[in-house]
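Asks: Here is what each chain is made of, one letter per residue.
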Amino acid sequence: MTRATLLTAALLLALARTGPAAGAGLEAAVHDANAAPVKDAVVLARPVGTTPVLQPGSDNVDQIDKEFVPYVKVVMAGSPVSFPNKDNIRHQVYSFSPAKRFELPLYVGTPATPIVFDKPGVVTLGCNIHDWMAAYIYVADTPYFAITQADGKARLAGLPAGEYVLQVWHPRMEGVESATARRIRIDADAKSAWTVKLKPDLRPRRAPSAHGGGYR
Amino acid sequence: MIAGFFRSGTFAAVALTGAVLAASPARAEWIADAEAAYVFDDNVSRAQRESDIRSDAAFLLRAGGGYYFQLSDRTGATLSATLMRQEHVRYSGLSHIGIGPSASIRTKLGVGPDAPWVRLSASALRREFDNDVRSGWLFAVAGAAGVHVAERVGVRAEVRLERQLADRKDALVAGISGAAFNLDSISMSLAADYTVTRDTTVSLGYGYRNGDVVSSTRRNRAIFSVSKAIAPDPVFGADVIAYRLGADSHIFDVRVSHALGSRMSINFGLARSLSYGDGGNNYYGSSATASLLYNF
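First to last, the protein sequences are chains A and B. 1 is the number of the first residue of the first sequence in the numbering used here; add one for each residue after it. 217 is the number of the first residue of the second sequence in the numbering used here; add one for each residue after it.
Hints in this document: simulated from the structure, not taken from any laboratory. All residues carry an ideal CB built from backbone N, CA and C; glycine is no exception. Accuracy of the hints is not assured; some may be wrong.
As the list claims (entries may be wrong) - Restraint-style ranges between C-beta atoms, simulated for each label pair:
(1) ARG183(A) to ALA366(B): 21 to 31 Å
(2) ARG368(B) to PRO70(A): 21 to 31 Å
(3) LEU508(B) to TYR107(A): 27 to 37 Å
(4) VAL369(B) to GLY78(A): 35 to 45 Å
(5) ASP415(B) to PRO84(A): 23 to 33 Å
(6) THR291(B) to ASP189(A): 51 to 61 Å
(7) THR291(B) to PRO70(A): 48 to 58 Å
(8) THR195(A) to LEU486(B): 24 to 34 Å
(9) GLY78(A) to TYR422(B): 28 to 38 Å
(10) ARG101(A) to THR291(B): 16 to 26 Å
(11) ARG183(A) to ASP330(B): 32 to 42 Å
Stated by the list, open to error - Below are the DMTMM-like pairs computed for lysine to aspartate or glutamate, each with C-alpha atoms no more than 20 Å apart in a straight line:
(12) LYS199(A) to ASP330(B)
(13) LYS199(A) to ASP187(A)
(14) LYS197(A) to GLU177(A)
(15) LYS199(A) to GLU177(A)
(16) LYS197(A) to ASP330(B)
(17) LYS39(A) to GLU367(B)
(18) LYS86(A) to ASP289(B)
(19) LYS197(A) to GLU367(B)
(20) LYS86(A) to GLU245(B)
(21) LYS199(A) to ASP415(B)
(22) LYS66(A) to ASP415(B)
(23) LYS119(A) to GLU103(A)
(24) LYS197(A) to GLU174(A)
(25) LYS199(A) to GLU367(B)
(26) LYS199(A) to ASP32(A)
(27) LYS191(A) to GLU174(A)
(28) LYS197(A) to ASP289(B)
(29) LYS66(A) to ASP249(B)
(30) LYS100(A) to ASP32(A)
(31) LYS66(A) to GLU367(B)
(32) LYS153(A) to ASP32(A)
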């Protein structure tokens, strides 16, 4: 191969890595009404005028020390999700959400067959033995999403240039997800911020009570 | 002394407790918890006359351990043992150590945190008091149920039968039983729990108790005439007599519980008890409790 050919190939490779096909990034920030950062908010970008190609992939929601890990998970519609029980006791996992209803009877280890989440929407998970255990699976109809961390920030990467509708969802958010929608054109790295009002966290607590009670 | 230990119920309690802890069954979850509490009672003598009313405070340390068995998606059973020491500040004769087993089974009538639940339990506690007039067994069986009625509100109810059997029955008067510390009772209680925040709950409770009570006073003809049994009660003084009589009691309580992390809570309670004894021998009392609970 001549030197010219090699140089041309290198130039084309560099363009492929840095050109429009690499996509832009969106830095999202979510705060509550008191300006505190909101963790575990799902930020989505849905392209306008095109139907994005989804690439469902296998994923897990673990049970560790009698808690679901993670608390919020986002998967693309059509993804199979396993529920490995990493405790040395049995758990039972259920959901009554319209997006996916299922019950995994008492088990240890990992069930042989994962659950396929084929319908976009929010799936609320629980364990019928340990009432404080709760988690959420957001089944997305777009491949562009991220979850905010403790600083309230999330980064969506690889967004092709174009128009998008951005939305935010959080398990305790007041109001509907569509109320957070905003339209934005992304040609280069961008930023967007939301303020959401959160409902009080009224999940059952794990700590003991003086009157006894709890699962045992 | 050793022969006495084996003869006493204490040996039975320790043996039962040991059997529970040694069972080590498969598919069971090892559970353990601990409690430290301070209790103040302004009428530990359960007396009617001002001159006989005695107040006292006590410190409690309790540890429990055992096994939890998840029998099905909705039902679980617990087999456990308790060891406790209650140390009174003023009346050391009321201080005691207790040990004994307990068993319970709980089932949810549905799936989810809002599903109603039902629990049956039974326990036996061998108590050795520093003054042994009260030493003996405390047996209890109870049935309880609860349900969430609103997003922040849960209600629960319990029916409880108790029997206390004391080793000693020191008769004071010929023809009158000396089993003053043998008590039978049935209690019914209702409580509502309000979730202020995920970590903090306020509870209001009402209880009704019908059964035997012990009123420890100096000679009291009014109580004597309706007593089922009488015996000396040297815990409160050489001239104090324990009278067992029947009574209806109404107990009102308010409690606050706050989680300190996922395994511990601090709890405060105030209770007011109104007891209407046979023959108009009524007594009243208030108590305050502060406790730390920890689940291992």
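Asks: Check the following: the C-beta atoms of THR195(A) and LEU486(B) are separated by a distance inside 24 to 34 Å.
Replies: Violated, at about 42 Å.
Asks: Would the pair LYS191(A) and GLU174(A) pass a check requiring their Cα atoms to be no farther apart than 20 Å?
Replies: violated, 23 Å
Asks: Quick one, are LYS197(A) and GLU367(B) close enough, alpha carbons at most 20 Å?
Replies: It holds: about 19 Å lies between the C-alpha atoms, which stays within 20 Å.
Asks: Run the distance test for LYS199(A) versus ASP187(A): straight-line Cα separation, threshold 20 Å.
Replies: violated, 35 Å
Asks: Is the straight-line distance between the alpha-carbon of LYS86(A) and that of ASP289(B) 20 Å or less?
Replies: holds, 18 Å
Asks: Using the beta carbons of ARG368(B) and PRO70(A), state whether their distance is inside 21 to 31 Å or not.
Replies: holds, 27 Å
Asks: Sort out whether ASP330(B) lies within 20 Å of LYS197(A), counting only the CA atoms.
Replies: violated, 25 Å
Asks: Between LYS66(A) and GLU367(B), does the CA-CA distance stay at or below 20 Å?
Replies: violated, 23 Å
Asks: Please work out if LYS66(A) and ASP415(B) have their alpha carbons no farther apart than 20 Å.
Replies: holds, 18 Å
Asks: If you draw a straight line from the CA of LYS199(A) to the CA of GLU367(B), is it 20 Å or shorter?
Replies: holds, 12 Å
Asks: Could you check the hint for me, namely that THR291(B) and ASP189(A) are 51 to 61 Å apart, CB to CB?
Replies: holds, 55 Å
Asks: Given the hint that LYS197(A) pairs with GLU177(A), does the C-alpha gap stay at or below 20 Å?
Replies: holds, 12 Å
This entry does not satisfy hints 1, 7, 8, 9, 13, 16, 17, 27, 28, 30, 31, going by the numbered hints stated previously.
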